[in-house]
Amino acid sequence: MLTVNRYKCCYCGACVGVCPTCALELVETWLEVSAECKECSLCTKICPVGALEVKA
Amino acid sequence: MAAKTAAELGLYVVLVEKRQEIGEPIRCAEGVSQRSELRELITVQPDWISTEVNGVRLHSPNNDNVSMTVDNREEVGGYILERKTFDRGLALQAACAGAEVLVKTRATGLIRKDDLCTVSVICQGESLQIEAPLIIGADGVESKVARWAGIDTRLKPEDIMVCAQYLVLDDCIDQEYCEFFFGNRMAPGGYVWIFPKGGRLANVGIGIQGSQSCPGEPIRLLDRFMQRRMPRAKILQIVAGGIPTSGPMNNTTSDGIMLVGDAAHQSDPLTGGGIINAMRAGVMAGQTAGKAISSGDVSTAGLKEYEDRWRSSIGKQIEKRYNAKNFFLKLTDDDLNHLAGSLHGMDISRMDMRDLLWFLFKQNPKLLWNLGVLNLIDKL
Chain A
1 MLTVNRYKCC YCGACVGVCP TCALELVETW LEVSAECKEC SLCTKICPVG
51 ALEVKA
Chain B
57 MAAKTAAELG LYVVLVEKRQ EIGEPIRCAE GVSQRSELRE LITVQPDWIS
107 TEVNGVRLHS PNNDNVSMTV DNREEVGGYI LERKTFDRGL ALQAACAGAE
157 VLVKTRATGL IRKDDLCTVS VICQGESLQI EAPLIIGADG VESKVARWAG
207 IDTRLKPEDI MVCAQYLVLD DCIDQEYCEF FFGNRMAPGG YVWIFPKGGR
257 LANVGIGIQG SQSCPGEPIR LLDRFMQRRM PRAKILQIVA GGIPTSGPMN
307 NTTSDGIMLV GDAAHQSDPL TGGGIINAMR AGVMAGQTAG KAISSGDVST
357 AGLKEYEDRW RSSIGKQIEK RYNAKNFFLK LTDDDLNHLA GSLHGMDISR
407 MDMRDLLWFL FKQNPKLLWN LGVLNLIDKL
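So the protein lines, in turn, are chains A and B. Under our numbering, think of the first position of the first sequence as 1, with each following residue one higher. Under our numbering, think of the first position of the second sequence as 57, with each following residue one higher.
You may find that some hints are simply not true.
What the hints assert, rightly or not - The list that follows gives simulated cross-link-like pairs (lysine to aspartate or glutamate, EDC-like), each with its CA atoms no further than 16 Å apart:
id	chain 1	residue 1	chain 2	residue 2
1	B	Lys-74	A	Glu-53
2	B	Lys-74	A	Glu-25
3	B	Lys-74	A	Glu-32
4	B	Lys-160	A	Glu-28
5	B	Lys-386	B	Asp-279
6	A	Lys-8	B	Asp-279
7	A	Lys-8	A	Glu-39
The set of hints was computed from the structure by calculation and includes no laboratory data.
Work the whole structure out from these sequences, hints included.
This is the structure in structure tokens:
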């Protein structure tokens, strides 16, 4: 499951731009993760501040 | 710029902004490399400008540096903007030209039927539907409009620069120069920048190639840089961002839809700069909108003028810069040190990239021959 550390997230939207399944949406400062997320971890690698993590 | 241009042409324009405050939060290093380019597009207001810079200093991995000064030539030096007031200023001009502005309004869907687009939005919590023959998607790296139009804007990790930046207060900032620091350990596939903001302030940031990043790497490398170069700096703001560096997209229009700016990947793949390209594309899209609406043809064919215009100007430029990016990605730190060393005592202020590469080739023929620089020069 993709988790967002909201205390770290700088809501930049880089993760949204690379998501292969378009599962992410940035609503103002709130990153939403939809059921389309395949937990590929691409967004976690891209996140400039390390706010995203795929947890088992 | 698209809203302003279209409104000035007499169109009824609704500018939909998902944020509650236009221009915030910032996602930008705020640099414009040539003052004249901004002035050609708009009357620049004093409160949009943090400071003016008159040169660039490039640092190689071994801490050597090369400076380019523009001798205060008014038209050539750069601006460091204050994006908060700049963005609001552009929205104000669009509003003055007649555009309606909806803030804190999130677009949630787009359906096109019978030559009319219906955009569903949530405006301050209330659901609304806006009908329009034409939509201009200027919704950035995370563009939804593109997806709704069936245009694939997803970025591969090698085609995004992931960035972190601090606004810092420090005594050691050179307020005359924009500084760039290169090195594959310092900033893999990218660079660190210091853009002065006036007073003792500067934007100090890093951009690295997405494919060479790992979770939190940009902010970690930026902290390391800060620790080494400006350990006493006080951090007043944190900014993060992702910049498309893919070069021109194959398609930025669809029936009733045009994309501009980062949504259309119109940022410079080499430097990551995107303000001027986005503004130019916005003007082109606004002008095409005016013609398409008056002719009654907002189909992909009717919007071809926009596609052709941006592609033959911005597109050509970013194609070249994409090739240059791929060349520079091949350089090791040793290569960068050699190249910087061969520029000592040279005035490179008036060289364009082609001249500079040609000069570097003559100084370092073996190194650059092996890296295929002639191939790159041919494409510039």
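Results of checking the hints against the structure:
With a CA separation close to 26 Å, the supplied pair Lys-74 of chain B and Glu-53 of chain A exceeds the 16 Å bound. Restraint check: the Cα-Cα separation between Lys-74 of chain B and Glu-25 of chain A comes to about 12 Å, which is no more than 16 Å; the hinted pair holds. Restraint check for Lys-74 of chain B and Glu-32 of chain A: the C-alpha separation of about 15 Å stays at or below 16 Å, so the hint holds. Between Lys-160 of chain B and Glu-28 of chain A the alpha-carbon distance is near 8 Å, which keeps this suggested pair within the 16 Å criterion.
This hinted pair does not check out: Lys-386 of chain B and Asp-279 of chain B have alpha carbons roughly 26 Å apart, beyond 16 Å. For the hint pairing Lys-8 of chain A with Asp-279 of chain B, the CA-to-CA distance comes to about 15 Å; that is within 16 Å, so the pair holds. For the given pair, Lys-8 of chain A sits about 20 Å from Glu-39 of chain A by alpha-carbon distance, which is inconsistent with the 16 Å threshold.
When held up to the earlier numbered hints, the structure conflicts with 1, 5 and 7 and fits the remainder.
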